[in-house]
Every structure is written in structure tokens, then in C-alpha cells.
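Starting from the known structure of chain Y, arrange chain X on it as the hints suggest.
Same order as they appear, the protein sequences are chains Y and X.
Going by our numbering, the letters in the first sequence line up with residues 1286 to 1486, in that order.
Going by our numbering, the letters in the second sequence line up with residues 1117 to 1346, in that order.
Please keep in mind that the hints were generated in silico from the structure rather than gathered at the bench.
Since we're looking at a predicted model, the values are computed, not measured.
Take the hints with a grain of salt, since some may be wrong.
As the list claims (entries may be wrong) - Derived pair list, reagent style SDA-like, types lysine to any residue, alpha-carbon separation capped at 20 Å:
#1 Y:Lys1405 to X:Val1120
#2 Y:Lys1405 to X:Val1164
#3 X:Lys1199 to X:Arg1160
#4 Y:Lys1405 to X:Gly1128
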Amino acid sequence: MAGNHKVEPEPWIVLRTRALESLLIEKGLITTEAVDKLVDTYEHDIGPMIGARMVARAWLDPAYRVRLLADGGAAAAELGVSAANLVVVENTPRTHNLVVCTLCSCYPATVLGLPPTWYKSPPYRARAVIEPRTLLREFGTTLPDEVEVRVWDSSSDVRYLVLPERPAGTEGLSEEELAALVTRDAMIGVANVQAPAAVAG
Amino acid sequence: MNGVHDMGGMQGFGPVVIEQDEPLYHADWERRVVGMRRALGPYRIYNVDESRKEIERMPPARYLSASYYERWLYSMEANLVAKGVLTRAEIDARVASLERDPSQPLPAPGDAATAAAALAQLPATPEPVPAPAQRFRPGDRVQAHNVHPAGHTRLARYVRGRCGTVERVLGVFPLPDAYTQGQGVQPQTVYAVAFDARELWGDSAEPNSRVSIDLWESYLEPAGTAATGE
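If we strip away everything but chain X, and leave its shape as in the complex, we get:
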């Protein structure tokens, strides 16, 4: 999605603000969000691609005004609802209850049967399909597809249609685009592809610099063969 999260090359945000001696967290709720997400990890309710997908679906103005951990909380709620672990109504009712009485204690922990029931609707983890043979080698010239998918992708806008050089072969990883669209686990080779700054930014490029970005094989064609608007 050509969302506001795809920030590479955007202008107008001003200087980077550096907080000296920054604490790890600025409020206790941030610690709770981080801890909850880690505590939920072993249940495999949602993966990192699904987490990012929901963050990217935040309304743009809200995304920009939200802190990092607020985006995590937003995504955690959205994914827990999407996977049937919680309902939106349950969350809203609990928030309303806490608004009426913020001092109410946390409930007693549910038992194993309750937990199993909460996870009952989780879909089975799909079996990975075989990865296609690695298509490119370090040094190969490649072109990133000029595509604008409406769903989740890791093909950043600023490299689409641009030509670069395969720098490293990083390994085989599931394609996030496919997984987040319910198309299963489709592993393929991921490459660090280096783009000359002039290729990306034209006359505005700073001297003597390159940008490498990790790209899945299906984001790439051999340079000179990629059809525009594919």
C-alpha cells in the first residue's frame, strides 16, 4: 500500500530530535504493551507481517500522531480481533468499565480450558510451498517492479522501477505480501540490492552514496526486462 508508513525519501518532517539519556520507556503502559506482545509470542496468534499490515492500515493522520508503542497496541487489538481471540465489543466494554472505575483490580487468570477456547478459532498454520530456485547472484543487475499493490508489501516506493545490483544473498524467507493476503507461506530468496543514490534521487542525490534494501525475489526482474506498469 502506498501508505504514510512508506517514508523513505519523504520530506518536510524537520530535523531528527534526539533525546539525551533517553529512558527505555516513557510511561509504564509502554512497558506493558511490549511485555504483552512478547508474552503472546509463543501462541503464534499473529506474525510480524500481520502486525505490520495492521499498523499500516491505521488512518494516516493517526499513524503520524501515534507513538511507536501506540501503533503496537493498535495492531495487537486489531490482530487479536481478526483471529477471533477477542471481540471488538469485549475490548470496548472493558475500556468503558475501566473508565468508570480505573482503580478496579486485574481479574484472576483464566484456566487452561479458557485459554484453549480463546485460541480455538486460530487458523492452522499453512504448510510452506517449496521455494523456487534462486534466480540471481551477487553482482547481477536487477530492476525492481513498478507496482502499487493495495495490500501489505516490503517493496518500498522509492526503489520501484529502479535498477540496482545484487549485493548479498540473504536467505530464504516467506513473502510477506502473500502471507498477509491469505495466500500461505511462499518462501523465496531475499537479496540485499544496492542502488546508486543518483538512480534513486537523480540530480538531488548526495555524492558518493548507495542505498541497499532487502528485496524478495518476486519484486525483481533482470535489469532491462521488467515491464513498466506490470
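Bound conformation, chain Y alone:
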């Protein structure tokens, strides 16, 4: 229809994906609309803002913090978040936690959304357990030897989320303001939460 223009061959993976979708539609198992809707949910409704809200709540409410550390799934449910088998591990002045999945790429998707590509990459999966301090330095997080590094390799159906330390200089901030400081990377454990001045600067 568009004259003599040449059609570029589709990359094979685009064709394979379309072939599978086409067959599954034909079998009556999926519809394009259902697929679109599920993808949209993960793009718009589920992301690190959910985990950040839990972290900010724990910083402000000591009783919630205790419940969050005792049973992450139940504490998530209090905020209307469905996150079964969630274990929350707390950073302290003496302990820094880091989450990885060496065998595949398990990730607390219900509270952080889809993982970044680096989390799923061979260098991260390979190195997090053997040289976590070196890895953290590459992320800009340098820890003194006195701070113990605790790596959590999520090899089961349990998912780990790091409760980062609340930075100094955040007294008087609201839950929303605190949540805005909490990054995905801090909840994976490759970064610390920066105080607002540091964020602005």
C-alpha cells in the first residue's frame, strides 16, 4: 500500500513473541486487551513508591517498624498492599543489608515493581555474595569495616526488602516527604537514603 518501500525483516524475537501471542489468542487463553491491562498495572500502579511508603511509616511509627520487621507481609497488608512472604531487614549503624538472587532474579516486585536490568545481570548476581563491599563501592556506597555487610540471597518464595536508615536532618518531615526520599536502590541495599540537603545539592 505504501508504494515500493522495503519492509525491514522483524527481529526474530519480535516474531516469536507475536507468534506465541497469536497462538494463545487463537486457543482462547488470552486476549490482547487482557495482556494490555496486566502490563499497564505493572507500569502505573506497582513500583518503588509502595515500598517507600512502608519505609516512611516505619521511620515515623515505632510500633509499625516492629510489626514490619516481625512480619513484612502483614505490615504491608495494613497499608492495603498484597506482599506475601515479605521479609524486611533493617539497616543500623552497625549493619548494612544487601539483596540479591544469585540463581535467577527474584525481587520484591509487589513492593518495588519490576527490577532494573542491573539487578538481573550476571555481574550483580555473581559478585554480590563474594565481594559485596567492592560492589557497593561501585554503587557509591562505601562502608567502613566496622559495619557488617549482610547479604540476602533470595532463593525461595520469600522476598527481601531493606529498611534503610533514616538520614539525619529529616526531623519534622511528613510521611509523604520522607517517602519521597526513599529510593528503590536504598530498598535493595545498594545505596543509603540521602538527606534532603544532599538530594538538593
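Showing chain X alone in chain Y's frame:
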């Protein structure tokens, strides 16, 4: 399986490459793969253990060169074929057809009878056997078995034969090794077991660090009792 997917402690991959302001997907086909997998979820055609098993069976060179969602697509095809929902010939024919005419529209959705026929060969979900009583408590010293099963396992290579301490009791979950070998649903207690970095990496260990990994009860013995080469 001592596969290339079991990456903990491997060396030579270089620095972690961090993409700033990374989009959720790098291409539309990735969105379609994620959406299809979620859309198929309620049919319980294959579970997460079976998904991982097929990913681990990718030829190693292909595994390493594939993107994350390409591995999902590979596993989805393999599992749909294994469960009789699709045939390899059907997939190949549809790919060939799209190669000839990439612009062809998607087909009209099949009806309920077609869907039922596609799912007719699914095996019945096995009944879980009773879980054995919990064997370990937090603080117990344990040793991971030194075993090298050819099938799917979540017992990562870098902790096999090593001694650690039970950190947390995580709950009762089906043993992936058994399920993926057709041995049914065998629930057992899963523990977060903490290993000192020196126990894992010897003199190469970084200072003051521990690695915890989730291990099923049958991966463990009380420390000092595990037979090597069991």
C-alpha cells in the same frame, strides 16, 4: 544442575552496568512477554519452579547472551509444549507464517471450548504430602549437603558442604527439586541460613560480612554430621 545460571561467586563478568533512568521495558515485545505470562497465570499451566527449570535448561551460551525476558519467552514456549497446550510444530509454523507476512493481524480469540481443549492435557495438581516436623531452630548450626543433582535445585553451589547458622524460619514451602521431577508437592520448612564470608570464600573473603540464603530443610544436616558426597 551445576548450570551457568548458578552465578553466586563467579568471576570475570566485569563491573555492574547501571543504566540511568532506565525504562521499564526496552522494547514492546518485552511488555508482551510479561503480560502474556501474567495472563496465563490463573490457568496454572506451569509454576515458578517449572519456569526456572526450563530457563536453566537453555544452552549455556544462549543463556548468557539472552536478555531476561528472552529467557522468560524461551521458558514459556518450553513449558506450554511440555504441558500439551501448544506443539513445537504449531509454534514453528506460526513463526514461519509471520516471517512471510509480518503485518498479518492477530487472529480472532478462540472460544471457551477451544480453550478447554487446549488445557485438556494438563495433569491434575498433585495433593501435597504432609510436611515433616520442623527440624531446626534459629541459632542451630547446620551444614548444607555437598550434592550435585542433575535436575532443578535451589541449593546454590557456593554453599554446598559449608556450615552456617539458622537465622530465621521462613515458613513451609514445596520442595522445588521434587516438584520439577514429577515427585509431587513435598512441603518442608525453609530457613534463612547465614554463612560467614570466610566459611564461603576462605582467605579471599571481604572483612566482616555474612551471606544468608534460603534453604529447604532437606538441603541441610546438623553441622558435623553431613556425609560428604551424599
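Outcome of the hint check:
Taken as a hint, the lysine 1405 of chain Y and valine 1120 of chain X pair is honoured in the structure, with Cα atoms around 14 Å apart against an allowance of 20 Å. For the hint linking lysine 1405 of chain Y to valine 1164 of chain X, the alpha-carbon distance of about 16 Å falls within 20 Å, and the restraint holds. Of the supplied pair hints, the one linking lysine 1199 of chain X and arginine 1160 of chain X holds, its CA atoms being roughly 11 Å apart against a limit of 20 Å. The straight-line distance between the Cα atoms of lysine 1405 of chain Y and glycine 1128 of chain X is roughly 16 Å, inside the 20 Å bound, and the hint therefore holds.
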